[in-house]
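Novice: Residues per chain are reported as follows:
2 protein chains.
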Amino acid sequence: MKVQCLKGFRDYLPEEMLQKNRMVRAVQQVFECHGYPPLMTPALEYSEILLGKYGVEGEMLLYRFRDNGDRDVALRYDLTVPLARVLAEHGEITMPFRRYQIAPVWRAEKPARGRFREFMQCDVDLVGADTAAADAEMLVIGSAVMKELGISGYRIRINHRGILAALCRLAGLTSAGEVEFLRLLDKLDKIGADAFRDQVGQISGIDEAGVESVLKIVMANPGDSRQILAGLEDALGSDPEAVSSIERMSEVLDLVEASGVSEQCHIDPSIARGLSYYTGLVYETFLDSLPGFGSVMSGGRYDGLVGLLAGKDLPAIGISLGLDRLFSAMKELNLLENRSQPADVLVVQFSQALAPASFAAAARLRTAGIATVVYPRDAKLKKQFQFAQKAEIPFVVVIGEDEQSRGTLQLREMDKGSQQEISIDEAIRIIGVELPEGNNQ
Amino acid sequence: MKVQCLKGFRDYLPEEMLQKNRMVRAVQQVFECHGYPPLMTPALEYSEILLGKYGVEGEMLLYRFRDNGDRDVALRYDLTVPLARVLAEHGEITMPFRRYQIAPVWRAEKPARGRFREFMQCDVDLVGADTAAADAEMLVIGSAVMKELGISGYRIRINHRGILAALCRLAGLTSAGEVEFLRLLDKLDKIGADAFRDQVGQISGIDEAGVESVLKIVMANPGDSRQILAGLEDALGSDPEAVSSIERMSEVLDLVEASGVSEQCHIDPSIARGLSYYTGLVYETFLDSLPGFGSVMSGGRYDGLVGLLAGKDLPAIGISLGLDRLFSAMKELNLLENRSQPADVLVVQFSQALAPASFAAAARLRTAGIATVVYPRDAKLKKQFQFAQKAEIPFVVVIGEDEQSRGTLQLREMDKGSQQEISIDEAIRIIGVELPEGNNQ
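Top line first, the protein sequences correspond to chains A and B.
-16 is the number of the first residue of the first sequence in the working numbering; add one for each residue after it.
-16 is the number of the first residue of the second sequence in the working numbering; add one for each residue after it.
Worth double-checking, as some hints may not be accurate.
Remember, identical chains collapse to one label, so a pair may be satisfied in a single copy or spanning two.
[Claimed, not checked] Straight-line C-alpha distance at most 30 Å; calculated DSS-like pairs for lysine-lysine:
hint: 1; residue 1: K130; residue 2: K3
hint: 2; residue 1: K366; residue 2: K399
hint: 3; residue 1: K130; residue 2: K314
hint: 4; residue 1: K(-10); residue 2: K36
hint: 5; residue 1: K295; residue 2: K(-10)
hint: 6; residue 1: K93; residue 2: K170
hint: 7; residue 1: K314; residue 2: K93
hint: 8; residue 1: K295; residue 2: K(-15)
hint: 9; residue 1: K373; residue 2: K399
hint: 10; residue 1: K295; residue 2: K373
hint: 11; residue 1: K295; residue 2: K365
hint: 12; residue 1: K(-15); residue 2: K36
hint: 13; residue 1: K295; residue 2: K363
hint: 14; residue 1: K399; residue 2: K365
hint: 15; residue 1: K3; residue 2: K(-15)
hint: 16; residue 1: K314; residue 2: K173
hint: 17; residue 1: K295; residue 2: K366
Hints are computed from structural coordinates only; laboratory data are not their basis.
For reference, chain A alone in the conformation it holds in the complex (with noise of 0.2 Å):
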């Protein structure tokens, strides 16, 4: 037998799980500040639930079985079907809505560099409001989030399917070429204009000249997103979808600036979102530093998809960050901070029979708030100093039978590497100052 992890899997030791433990307490910090309360939805859902929501490919790569009792369910795939789920089965739920949910989603991708086959999203949603206000809502949350987690530099890219509609009304095509003109222009970054070319020309009903004014319009860069919609009302004045598109996402920019957060959002009419749920704003969020690595933080408007599994519409906007994809990007960019273990003391076993005297020591540790561990042997001193080394635990407490009848200890402090015979009381006094931030983060 191969005792090993699932393949396209991974585990996350202690290291880094701080760190990503860390990650998910600030967003939902930030998710909490901005008034959402989380939900949580289970694992599994009905196949039926979740088939015919990701488009063709994406329902490739559900995991999808039977169950003990001959059901037909699957692991869930994103967070965002099952919210429409619960929305639809919660008719007493009162509107406008807002709720958050982070949790791991399954897909059976091909596993690539920083791509695994689960991964934890963190999703925000505002339901029952189709408004400037509710989208601009979202691109205040990622922003609010990138900040707390200590990125400056991010560009929040924004489009409007009606947008995206129209760029194919202007390249000849009717429905049935839409979805691979818009993948190709989602990867028009990364291919060129020439490939593109090519590559749109085999789309059958294409016009040429036509691929040539969208390509004119998504390659324009005036940096200005203000400047970026003036381009759009010159070039698709006269298509009503995308007149209104320019106007909703005018209203947003107004929102967005005066949230204060306006230099971080950018229009940009060539992203296109995979998922076919989406309907109206669509945004994805790319780091300056990582320029190939992809969105980090995406989502858009799906006012269908609840409608699909409830029966009655119900307008809805979210954004859910990517949060394994951007643990690897922090680690790659230096900023996630180093700490292998929460201890701040090591109370020594400096024999069995003063075990008790170790345990009630660091009982008194604890209810200070100092993180304490006990060593679990009457190991050697030297080898209970370098596990203390080792896992890089500032204070080592030590009780041997002098400092037990005397009622002190001796605290040693490993980086300066002083020892002093001292109180709890002032150990703990000590400790504290030395760590002003506090155990447990």
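With chain A's structure known, arrange chain B on it following the hints.
Specialist: Frame of chain A; chain B shown alone:
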């Protein structure tokens, strides 16, 4: 199509999920304060890793299937076997090794009140030390978790597999009948002595006089752990395995007393954990006010399990909190704080033209650490106020044209019904005073 949550599973809607998250954070804090860092393993493992670890009954409850690459996989059934797999796979991990994991596990059990097929386990494990100190540490952490959760009336009932083996021998049994005998012993509380006599009487090789001796030992209830140990010594003093188990439990009691948590820890020779991998100390936790509810936190020593996967033995002990079960119990006991959403302030959207002013005010409030939502539409003021009332948001901010021109806002305290026109700085001050706990916990 029926739009519903999968049978045997449940959603956590925001109110309950806020409460559950608060529990998770409390548990995390206790674990980290005891020097335990987090570890995360995937939801799916190769089936062969999990098979042969949980006994026949456990194995039938696995969610096992073939993935898209025809691999035989299963959802994790607990967090212990995945830990053993990680230890076997990562030879570089230094001993003693501590970790916690808070994650869902899946068991295809018959659903019952408060029992679901997906539930959150909170596990701490200490690997690399077969000592009383390691054993006692579990009880110290378990007590600290209960205290942090605000639960005072509970008992951790402690036994040792060596005692159970000695009781089997006393009843005339060799390994053949042990499992059935211990299963019935575990149910003694529920079924009573007469039914116990009846049912164990059918095990082949059972010694009736021996069964009476066993009953005398496990039903003696002197109420004091030291007295129980003395009684065990009297009854089983000729059995070497029992003697060393009694010695270990006595040392554990010393350390539990030194840690100030002996009041909740009770030796109880009738406790027999179900999972087949336990080898030493075992424990279960029962709530005084819900005696029929079953154990909410349990575990034990499993010195052989890692060896099954790693090829070399590593002593290990752990304790596992069933968070969803405990959540149900705390709900029943009214120990959960009610708060359906996290927002402190609703900023009204007076008109679409004034939406930017609302967004700017919300950004200021959030920067001051106040959880804030903006109503996502310029609905009638009455409707927006009703929303705040229903969602129990304590403050509402209104910025109309007059307020905007004067650089002020209207702050309404919902419970007092009072409203005043003030600056945003003054509003931040007032909200801060009235919400002493701040937002987000």
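Novice: Are the CA atoms of K295 and K365 at most 30 Å apart within a copy, between copies, both, or neither?
Specialist: Classified as between: cross-chain Cα gap 25 Å, same-chain 70 Å, threshold 30 Å.
Novice: For K(-15) and K36, with the copy left unspecified, which applies at a CA distance of at most 30 Å: within, between, both, or neither?
Specialist: between (37 Å within a copy, 16 Å between copies)
Novice: Indicate which option fits the pair K314, K93 if close means a Cα-Cα distance not exceeding 30 Å: within, between, both or neither.
Specialist: Within one copy only: 22 Å inside, 43 Å across.
Novice: Indicate which option fits the pair K295, K363 if close means a Cα-Cα distance not exceeding 30 Å: within, between, both or neither.
Specialist: Cα proximity of K295 and K363: across copies only (23 Å, versus 70 Å in one copy).
Novice: If the cutoff is 30 Å on CA atoms, where do K295 and K(-15) land: within, between, both or neither? Let me know, please.
Specialist: between (51 Å within a copy, 15 Å between copies)
Novice: Please work out whether the CA atoms of K130 and K3 approach to 30 Å or closer within one copy, between two copies, in both situations, or in neither?
Specialist: Both. Shortest intra-copy (16 Å) and inter-copy (27 Å) distances satisfy the 30 Å Cα cut-off.
Novice: Please work out whether the CA atoms of K366 and K399 approach to 30 Å or closer within one copy, between two copies, in both situations, or in neither?
Specialist: within (19 Å within a copy, 63 Å between copies)
Novice: Using 30 Å as the alpha-carbon threshold, which applies to K373 and K399: within, between, both, or neither?
Specialist: Only inside one copy: K373 and K399 sit 15 Å apart there, 57 Å across copies, limit 30 Å.
Novice: Within, between, both or neither: how does the pair K295, K366 come out at a Cα-Cα threshold of 30 Å?
Specialist: between (67 Å within a copy, 22 Å between copies)
Novice: At 30 Å max between alpha carbons, let me know whether K399 reaches K365 within a copy, between copies, both or neither.
Specialist: within (17 Å within a copy, 64 Å between copies)
Novice: 30 Å Cα cut-off: does K93 pair with K170 within a copy, between copies, both or neither?
Specialist: within (19 Å within a copy, 49 Å between copies)
Novice: Is the C-alpha distance from K130 to K314 at most 30 Å within one copy, between copies, in both cases, or in neither?
Specialist: Result: close within a single copy only, 16 Å intra versus 36 Å inter.
Going through the hint list in order, the structure satisfies each hint without exception.
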